[in-house]
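Student: Here's the letter readout for the chains.
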Amino acid sequence: EADIYQTPRYLVIGTGKKITLECSQTMGHDKMYWYQQDPGMELHLIHYSYGVNSTEKGDLSSESTVSRIRTEHFPLTLESARPSHTSQYLCASGQWADFNSPLHFGNGTRLTVT
Amino acid sequence: KQEVTQIPAALSVPEGENLVLNCSFTDSAIYNLQWFRQDPGKGLTSLLLIQSSQREQTSGRLNASLDKSSGRSTLYIAASQPGDSATYLCAVGSNQAGTALIFGKGTTLSVSS
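Chains U and H, in that order, are what the protein sequence lines are. Going left to right, the first sequence walks through residues 3 to 116 as my numbering numbers them. Going left to right, the second sequence walks through residues 76 to 188 as my numbering numbers them.
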């Protein structure tokens, strides 16, 4: 059973709309991440957070933004969706205190922008 | 820049076979290496994590090895089952924060009954 939850699972939206992808975890993890994955391709880190009020951009340029107001919640926002944003977005979390603990992933949000 | 390659990209085997999935990386200065499983349309499930000081990890029918000097890791699956069908991803961690986790493209495994 997943301890990290992403909503919605699927989203089809028109160009120019503002969207927020939700991610919540119940494990009390400090570290949280957003990855982008296209079919058959590697995951790429787009945002990460070490804790409340901490957010950083990852290695893949992204027009999205994130916030971390609460430990358990790490939403990702696209102010104006474009077809190039069509992809799968995966949220993950991990323990800060144990650097060798594995990452936990949500089931992802598959976004299609028409 | 760290690059992670997984070979083969796809593999089909009959049930009961033992198999090996390969992962290679270009920079041996790694912190850890993780193997994940991804089912279609789902997120990733961590299978095994090998710290840089370790040579292998085992969980049930799975055994992962790490050879940092040669930049290689293998995932051995014993007595494969149809339920093992999934994409297996290798990810190399190059720092403690996990922000430099570099993924391979994965090997898609199909086990037929």
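By construction, these hints were calculated from the structure, which means they are not laboratory data. It cannot be assumed that every hint is accurate.
Claimed, not checked - Capping the alpha-carbon separation at 27 Å, the derived lysine-lysine pairs in DSS-like fashion look like this:
hint	chain 1	residue 1	chain 2	residue 2
1	U	Lys19	H	Lys117
2	H	Lys117	U	Lys59
3	U	Lys59	H	Lys180
4	H	Lys76	U	Lys20
5	U	Lys59	U	Lys19
6	H	Lys180	H	Lys76
Student: Are the hints correct? Go through all of them and say.
Tutor: Checked hints:
no.	hint	in the structure
1	U:Lys19 <-> H:Lys117	25 Å, holds
2	H:Lys117 <-> U:Lys59	24 Å, holds
3	U:Lys59 <-> H:Lys180	22 Å, holds
4	H:Lys76 <-> U:Lys20	34 Å, violated
5	U:Lys59 <-> U:Lys19	22 Å, holds
6	H:Lys180 <-> H:Lys76	16 Å, holds
Taken one by one, the earlier hints fail for this structure only at number 4.
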